[in-house]
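Novice: Chain by chain, the residues run as shown.
Protein chains: 2
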Amino acid sequence: MIGRVNHIAIAVPDLEAAARRYRELLGASVSGVQELPDHGVRVVFVDVGNTKVELLEAFGEGSPIAAFLERNPDGGMHHICYEVADIGAAIRRLTEGGARVLGDGKPKIGAHGLPVVFLHPKAFDGTLIELEEVKPDFAPA
Amino acid sequence: MIGRVNHIAIAVPDLEAAARRYRELLGASVSGVQELPDHGVRVVFVDVGNTKVELLEAFGEGSPIAAFLERNPDGGMHHICYEVADIGAAIRRLTEGGARVLGDGKPKIGAHGLPVVFLHPKAFDGTLIELEEVKPDFAPA
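Protein chains in written order, with UniProt numbering: chain Z, 1 to 141; chain W, 1 to 141.
Quick caveat, the hints were computed from the structure, so don't treat them as lab data.
Built from N, CA and C at the ideal position, the CB exists for glycine as well.
One thing to keep in mind: the hints can contain errors.
[Stated by the list, open to error] Listed below are several chain Z residues computed to face chain W (Cβ distance under 7 Å; list not exhaustive):
no. : residue
1   : 18
2   : 27
3   : 75
When you get a sec, could you build the whole thing from the sequences and use the hints?
Specialist: If you want it as structure tokens, here you go:
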């Protein structure tokens, strides 16, 4: 069911400083800053060739990463996003198997403009998992 | 400098249960269990096509993930491993830039039989980063 890792999201307290470290110390290819007010984050994309690392800073009121950054003031790995071909089928399989989909259990349009859901970290070893429907580019593992 | 994400490591309290969830709920391709006593872990590999997720359980005395699992009894994302072409050059660049390499600052042979170092999470937004030298298969980002 799950395909490629679309991105690994890392919450950071200072986006410009984090971007500079990835660029200068790790020699990575780092995008400019994008503000996504509807999603409560500012983000840069680190392109590492086979996937992306997204560095996220809280932006505005009610940011979905604000509580995480309060618990982890240095920042930390926030979630992993896997691609799926059919998010409705994925949700059915997961809920029938007892995994909890966050929110009302229905897909929302995520930061990339595609349908996403998040799975409760308790169901997957403390790891917050995002599923993103990416057809027609889906490549099964 | 950094290339592909070689793997994302997730520490789990119960490896067989975690492997079953990835296989049955996420429909992923999950390897059999490997015991790596020299590295203090039991591991399964989840092949998602563009990279690997490694589920790690503590194994034996002095496991490098035991303290993490004490702090995070449900498990959690433990580290990201990036490929580099020349680990000596990477260490020089990082230390000259002020990032701290864990241990004595020299590469060790990691769980894949290749030279690795770990970078202090304080230097990278609370994220533990492993660098693995993978020449001749290195693909720059």
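Novice: Evaluate each hint against the coordinates.
Specialist: Hint by hint, here is what the structure shows:
1. 18: holds, 5 Å
2. 27: Check passed: Cβ of residue 27 of chain Z comes within 3 Å of chain W, closer than 7 Å.
3. 75: Holds. Min distance 3 Å.
In summary, this structure violates none of the numbered hints.
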